[in-house]
Amino acid sequence: SQTIHQWPATLVQPVGSPLSLECTVEGTSNPNLYWYRQAAGRGLQLLFYSVGIGQISSEVPQNLSASRPQDRQFILSSKKLLLSDSGFYLCAWRGLAYTGELFFGEGSRLTVL
Amino acid sequence: GESVGLHLPTLSVQEGDNSIINCAYSNSASDYFIWYKQESGKGPQFIIDIRSNMDKRQGQRVTVLLNKTVKHLSLQIAATQPGDSAVYFCAENTRAGGTSYGKLTFGQGTILTVHP
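One line per chain: the protein sequences are A and W, in this order.
Mapping of the first sequence onto the working numbering: residues 1 to 113, in sequence order.
Mapping of the second sequence onto the working numbering: residues 1 to 116, in sequence order.
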């Protein structure tokens with residue numbers, strides 16, 4: 001069966017520090033991968049999606065970047081965090097490229113102080 | 001559509017009542033829709049889906065209705081239970097630029113609170 005792992009689960013970082021959130025998927029190959037952000041009490045905002053290694057599409061201009069160095073690995077990064085980067089970050093994958101539900105990880109809660 | 005900048009609407013019901021959660025989607029070309037349930041501190045969990053060539057689909061205690069004319073989606077939960085308390089999101093699948101992949105865009109979300 002397929003599983004998705006995100007880490008760290010919780011992170012507290014000072015403003016201006018770098019960020020790296022990792023997501024890996026097991027049990028499937030060539031998944032479509034997604035990063036969403038959820039601010040407190042808000043909905044889910046799509047940040048990045050990837051259909052293959054090295055292929056990243058950005059949905060909104062922001063202080064973050066994403067990379068996909070391996071087929072089942074998706075990384076969310078920042079060189080200098082802002083207060084507004086605080087939120088709940090969710091990685092997701094889908095097995096069928098065209099349709100099909102997204103399967104979400106358990107999320108990474110980032111607090112920038 | 002995107003929910004950034006908007007506070008989530010709320011729905012409060014009594015245990016045993018039926019709940020109806022509504023969602024307006026933005027893209028008339030969307031071909032697939034999903035309802036998710038998100039409990040506090042967790043990732044969203046799949047509830048039920050529906051393709052654009054259908055107008056109704058039923059699951060266990062849940063029914064999704066799709067009205068493409070007005071771009072409206074609803075989730076009906078029968079005999080609501082306290083364990084149903086969560087945030088509910090609709091999502092629409094759209095294809096980008098004729099490529100084979102699609103992306104899911106989430107709606108605003110609704111907080112459902114079930115009182116015993």
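What the hints contain is simulated information worked out from the structure, not anything from laboratory work.
One should not assume that every hint holds.
In the EDC-like style, the derived pairs of lysine to aspartate or glutamate whose C-alpha atoms are separated by at most 16 Å in a straight line are [said to hold, decoys possible]:
no. : chain 1 : residue 1 : chain 2 : residue 2
1   : W       : 103       : A       : 26
2   : W       : 56        : W       : 39
3   : W       : 68        : W       : 17
4   : W       : 103       : W       : 55
5   : W       : 42        : A       : 59
6   : W       : 71        : W       : 31
7   : W       : 37        : A       : 106
8   : W       : 68        : W       : 84
As the structure is a prediction and not an experimental result, all values here were calculated from the model.
Hints, one by one, checked against the model:
Distance restraint check for residue 103/W and residue 26/A: the Cα-Cα separation of roughly 21 Å exceeds the 16 Å cut-off, and the hinted pair is therefore not satisfied. Distance restraint check for residue 56/W and residue 39/W: the Cα-Cα separation of roughly 25 Å exceeds the 16 Å cut-off, and the hinted pair is therefore not satisfied. Between residue 68/W and residue 17/W the alpha-carbon distance is near 27 Å, which puts this suggested pair outside the 16 Å criterion. Taking the CA atoms of residue 103/W and residue 55/W, the gap is near 21 Å; set against the 16 Å cutoff, the hint is violated.
Taking the CA atoms of residue 42/W and residue 59/A, the gap is about 23 Å. The hint is violated against a cut of 16 Å. Using a Cα cut-off of 16 Å, the hinted pair residue 71/W and residue 31/W holds, with the two alpha carbons roughly 11 Å apart. Of the supplied pair hints, the one linking residue 37/W and residue 106/A holds, its CA atoms being roughly 13 Å apart against a limit of 16 Å. Proposed proximity of residue 68/W and residue 84/W is contradicted: the alpha carbons are some 27 Å apart, above 16 Å.
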